[in-house]
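K.L.:
These protein sequence lines map, in sequence, to chains R and D. End of the first sequence sits at 336 in my numbering; the numbers just go up one at a time, nothing left out. End of the second sequence sits at 330 in my numbering; the numbers just go up one at a time, nothing left out.
It is worth saying that the hints were derived from the structure and are not from the lab. Owing to the predicted nature of the structure, the values given are computational and were not obtained by experimental measurement. All C-beta atoms in this analysis are idealised placements derived from N, C-alpha and C, irrespective of residue type, glycine included. Among the clues, some could well be false.
[As the list claims (entries may be wrong)] What follows is a set of in silico ranges between Cβ atoms, one per label pair, in the way DEER data are often shown:
#, chain 1, residue 1, chain 2, residue 2, range
1, R, G107, D, E23, 41 to 51 Å
2, R, P290, D, S249, 39 to 49 Å
3, R, T153, D, G271, 24 to 34 Å
4, D, R272, R, V82, 28 to 38 Å
5, D, E123, R, R89, 55 to 65 Å
6, R, G86, D, H158, 48 to 58 Å
7, D, D148, R, R89, 42 to 52 Å
8, D, E23, R, S108, 30 to 40 Å
[Unchecked claim] Covered stretches of chain D, as calculated for chain R (at least 3 residues, CB under 8 Å):
#, region
9, 151 to 159
10, 221 to 232
11, 273 to 285
12, 303 to 316
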Amino acid sequence: MTVLSADALVEVRGLRTWFPIRAGVLQRVRGFVRAVDGVDLTIFPGETLALVGESGCGKTTVGRSLLRLVEPTAGNVWFQGVELTGLSREAFHPYRRHMQIVMQDPGSALDPRLTVRDCIAEGMDAFGIGADHAERTERVAAMMRKVSLDPDTMWRYPHEFSGGQRQRICIARALAVDPTLLICDEATSALDVSIQAQILNLLSDLQADRDLTYLFITHDLGTVRYFATRVAVMYLGRIVETGPTERIFTAPRHPYTKALLASIPSLDPDRRSTRPVALGDVPSPERPPPGCHYHPRCSVRRESCSRDEPPVVAFADGMSRCVLALEQREAEIHAG
Amino acid sequence: MSAAALLAVEGLSISFPGAAAGERMRVVDRVSLSIAPGETLALVGESGCGKSMSALAVMRLVPKPGRIEAGSRIAFEGRDLLSLPVPEMRALRGARIGMIFQEPMTSLNPVVTAGEQVREAIELHAPLSRGDARKRVLELFAQVGIPDPATRFDAYPHQLSGGLKQRVMIAMAMAMRPRLLIADEPTTALDATIRAQILELLRNLSASTGTAVLLITHDFGVVNEVADRVAVMYAGGIVETGTRHELLSRPRHPYTQGLLRSIPRPEARGGRLAEIAGAVPRPGHWPPGCRFHPRCPHAFQPCPVEEPQPTGVSETQAASCHLVAREVGS
């Protein structure tokens, strides 16, 4: 077992979340979708860790597994040094307050039958925050002001608000219980460009103001470079590279990270992007390729990659799960 | 308007019934644009700006109870599309004008194999034998980069990945060698690495076949990858047009400028993103004068009262903005 970082806020080791595939009249399990298949992850207090990858890579399932919105199949999770694995629902409940989530679609995340006041107060009710109804309402008003919504609108219903405003309501609801960790799962992906900037700025301000830690799950790499302190890149259920944001963007080590970065469309009219680097399509997480999961799409693969599990190579500033990383580390050591 | 235009849209307005009886609400208001043969024009804007509705109008597919208003004109290869009899319009659609949409899954029939669907599309327009039509499908599959075309011919849509489904849609749209391809957010539902592949394919196809493309997108990255010219839409109208290079390097309309500044870029790291204040007004709630004025940092006295007209700032670039008009005029 790896040594745990003493100063970590969240520590994840060997996380596995598999979903059974059932078929036939008897609904026998005929296989598993290995959405998350052995993930190690550390989140430090106050940082913004971006978890990036394409659809089906398991990034959303990692976030949901941390909150036990889906039950992990195996692995351990520590929060502020306390092991959450194996806690009963009741014993887990108080920790849930410290870990909140904001999801992609603010439309479906809010109960259409509740007023905005009740949407935001839901969590406070669940965790017994605020002495009475009036105090909670006061706190709802304060939260609405924090996210630049007019508190006078708290008796309206979610559908009366625009997409950007609804996402502000979701953020206010998450923050109303005073969490330590906020998981943003594609929180700005469904919003228009001009609104996305408003929400990203709001998240930045709130983080500075309230000492929040973010797990920022996204497929949008432009946002990542602007917003994240550190990056973890996921591919088919596994983390393939981690590192500080600037290093990931300027000197990526894993071939998949390089392909992802090369696929960001440029906004510079004098420079259209280079040719696509990743070959073919993302395979199904139901039948991940043997050896390195990325090898069928990799342009620099070796013969052994289709056979052997890639080594997890630790660097001073992160890791890379790739056979090339051994040589990269060697070269970096020699370079000084 | 240039006589050589493949597609010329003039004063296109589209309306839907409003809340009050008999009231019509415009969602597209006097849009004019033209596309030369072989050219790729990107129509860019945020959701609800009317870009998709404008594209549907070109195919005469505006959903009911929507209506193209009198005074609108759409000419394709010199023919007036809005007065074309329905059978002729149908013959044009899918043959001279191809289309692809954001969600390939909803556009493909789930119970018919990929190859069969493309073959049906060909047989609808061309008197080919089944064998020849099949051969043409396999050619098309190879052309759009579908690996192992013979196997994929017999695959059902659900057996294909998102990227492959979009390639099948593109093969179908290109089957009759159309002169115009209308692509509505063709890569929005795709992953980054797949998006890069599809954009390259669109660029290459347009170059090799001479097909013009009307590309609908909200993403300036996509614009930069494939467009020759760009038209930016806001609240039902076109606010700025220009070449790809002009709009990305020297946008003149405050809305275009704001949009480009609000995209997170590497250079902006750590700082604040530029915001456009407020929200996009809904159809029926468009402000008077310049529709962007309540959100514009430069609004001055004519903006709330007088509608700005397009002002040319170069041979190819024009912006509908009072400030630009004043700067150019002085």
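K.L.:
Look at each hint and say if it fits the structure.
P.N.:
Hints and how they fare:
1. Our hint of 41 to 51 Å for R:G107 and D:E23 is violated, since their Cβ atoms are close to 27 Å apart.
2. At roughly 48 Å, the beta carbons of R:P290 and D:S249 sit within the given window of 39 to 49 Å.
3. Under the hint 24 to 34 Å, the C-beta atoms of R:T153 and D:G271, about 31 Å apart, fit the expected range.
4. Under the hint 28 to 38 Å, the C-beta atoms of D:R272 and R:V82, about 36 Å apart, fit the expected range.
5. The supplied range of 55 to 65 Å is met by D:E123 and R:R89, whose beta-carbon atoms lie about 59 Å from each other.
6. Range check, R:G86 to D:H158: Cβ separation about 38 Å, and the 48 to 58 Å hint is violated.
7. In this structure, D:D148 and R:R89 meet the distance hint of 42 to 52 Å, their C-beta atoms being roughly 49 Å apart.
8. The given range of 30 to 40 Å is respected by D:E23 and R:S108, whose C-beta atoms sit roughly 31 Å from each other.
9. Evaluation of the coverage hint for the region 151 to 159 of chain D: breached, as 0 residues show C-beta separations to chain R shorter than 8 Å, against a requirement of three.
10. Only when three residues or more bring their CB closer than 8 Å to a CB of chain R does the claim for the region 221 to 232 of chain D stand; here the count is 4, and the claim holds.
11. Taking a C-beta to C-beta cut-off of 8 Å, the region 273 to 285 of chain D contributes 6 residues in contact with chain R, enough for the three needed, and the coverage statement holds.
12. Check result for the region 303 to 316 of chain D against chain R: violated, 0 residues qualifying (beta carbon to beta carbon below 8 Å, three or more required).
In summary, the numbered hints that this structure violates are 1, 6, 9, 12.
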